[in-house]
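Colleague: Here is how the chains run, residue by residue.
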Amino acid sequence: NAGVTQTPKFQVLKTGQSMTLQCAQDMNHNSMYWYRQDPGMGLRLIYYSASEGTTDKGEVPNGYNVSRLNKREFSLRLESAAPSQTSVYFCASILLQGDEQFFGPGTRLTVL
Amino acid sequence: RKEVEQDPGPFNVPEGATVAFNCTYSNSASQSFFWYRQDCRKEPKLLMSVYSSGNEDGRFTAQLNRASQYISLLIRDSKLSDSATYLCATGASGGSYIPTFGRGTSLIVHP
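If you're matching them up, the sequences are chains H and E in order.
This note's numbering numbers the first residue of the first sequence as 1 and each following residue consecutively.
This note's numbering numbers the first residue of the second sequence as 1001 and each following residue consecutively.
Since the hints were derived computationally from the structure, they do not count as laboratory data.
Model, not experiment: these values are computed from the prediction.
Where a beta carbon is used, it is the ideal one built from N, C-alpha and C, also for glycine.
Any given hint could be a false lead.
[Claimed, not checked] Restricting the straight-line Cα-Cα distance to at most 30 Å, the calculated cross-link-like pairs of lysine-lysine (BS3-like) are:
hint : chain 1 : residue 1 : chain 2 : residue 2
1    : E       : K1002     : E       : K1042
2    : E       : K1079     : H       : K57
3    : E       : K1079     : H       : K71
4    : H       : K57       : H       : K14
5    : H       : K9        : H       : K57
6    : H       : K57       : E       : K1045
7    : H       : K71       : E       : K1045
8    : H       : K57       : H       : K71
9    : E       : K1045     : E       : K1079
10   : E       : K1002     : E       : K1045
11   : H       : K57       : E       : K1002
12   : H       : K71       : H       : K9
13   : H       : K9        : E       : K1045
14   : E       : K1042     : H       : K9
15   : E       : K1079     : H       : K14
[Claimed, not checked] Which residues of chain E face chain H? A partial, calculated answer using Cβ under 7 Å:
hint : residue
16   : E1043
17   : Y1051
18   : A1092
19   : S1096
20   : G1104
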């Protein structure tokens, strides 16, 4: 099993450009999450999907949209990137409530 | 006030030392508790779950104090390879499950 995979690993954008971060898991997990991690701020939840077909806002959703394409895939879209969105983005998944989270390797995004 | 709080450190200890981290949480409905390890520029990975009775895995011991709403991690006989950031996380069951993370505690083990 590959676990949780994320693409791309690195990305540089100019202000105003758009992009989609891809996440997929092959563990048949039900819930998926997108976090951003900034120095000194820890992991902050952007959006999550409790199950296929549902998505909800987390702590810092502004400037982002998500799609739970199917049970395996959960994408994060930046419609108009801003320098404040420079961060490391992690996708994670859980089989059941109370279980440990499995994280992808992260996407390092720089917005100039 | 953040829901899960940790001392960011860094804790700078010599090899062989014993070091302990605490993590306090504010949501009394929290039911699941974890310690994750995160190496520099890598993703967090589960170190251990924390059970009500406390649990041990080799040199690592985790404990939960529900009355005072904190969890702890004790590392004995520290190794250079233990240098990392340690994140605590809690989760409340019922409704959507949203794990909440502390900002992490940095540990540096030196020779």
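Colleague: Against this structure, judge whether each hint is valid.
Modeller: Quick rundown of the hints versus the structure:
Between K1002 of chain E and K1042 of chain E the CA atoms are separated by roughly 24 Å; this keeps the pair inside 30 Å, and the hint holds. At roughly 40 Å between alpha-carbon atoms, K1079 of chain E and K57 of chain H are farther apart than 30 Å, so this suggested pair is violated. Taking the CA atoms of K1079 of chain E and K71 of chain H, the gap is near 40 Å; set against the 30 Å cutoff, the hint is violated. Taken as a hint, the K57 of chain H and K14 of chain H pair is honoured in the structure, with Cα atoms around 25 Å apart against an allowance of 30 Å.
Proximity of K9 of chain H to K57 of chain H is assessed by CA-CA distance (about 24 Å); at most 30 Å being required, the pair is judged to hold. Of the supplied pair hints, the one linking K57 of chain H and K1045 of chain E holds, its CA atoms being roughly 24 Å apart against a limit of 30 Å. Simply put, K71 of chain H and K1045 of chain E have alpha-carbon atoms about 22 Å apart, close enough for the 30 Å limit, and the pair holds. With a CA separation close to 18 Å, the supplied pair K57 of chain H and K71 of chain H stays within the 30 Å bound.
With a C-alpha separation of about 18 Å, the suggested pairing of K1045 of chain E with K1079 of chain E holds against the 30 Å cut-off. Taking the CA atoms of K1002 of chain E and K1045 of chain E, the gap is about 22 Å. The hint holds against a cut of 30 Å. A hinted pair counts as satisfied when its Cα atoms are at most 30 Å apart, and K57 of chain H with K1002 of chain E qualifies at roughly 18 Å. With a CA separation close to 22 Å, the supplied pair K71 of chain H and K9 of chain H stays within the 30 Å bound.
For the hint linking K9 of chain H to K1045 of chain E, the alpha-carbon distance of about 18 Å falls within 30 Å, and the restraint holds. The hinted pair formed by K1042 of chain E and K9 of chain H meets the criterion: a straight-line CA distance of about 11 Å does not exceed 30 Å. With a C-alpha separation of about 43 Å, the suggested pairing of K1079 of chain E with K14 of chain H is violated against the 30 Å cut-off. A least Cβ separation of about 4 Å between E1043 of chain E and chain H falls short of the 7 Å threshold, and the interface hint therefore holds.
The interface hint given for Y1051 of chain E is violated, since its Cβ lies 12 Å from the closest Cβ of chain H, which is over the 7 Å cut-off. Proximity of A1092 of chain E to chain H is violated relative to the hint, the smallest CB-CB distance being about 9 Å (cut-off 7 Å). The beta carbon of S1096 of chain E is positioned within 7 Å of a beta carbon in chain H (closest approach about 5 Å), and the interface hint is therefore held. A cut of 7 Å between beta carbons decides the hint on G1104 of chain E: the least distance to chain H is about 6 Å, and the hint holds.
Against the hints set out earlier in the document, violations occur for numbers 2, 3, 15, 17 and 18.
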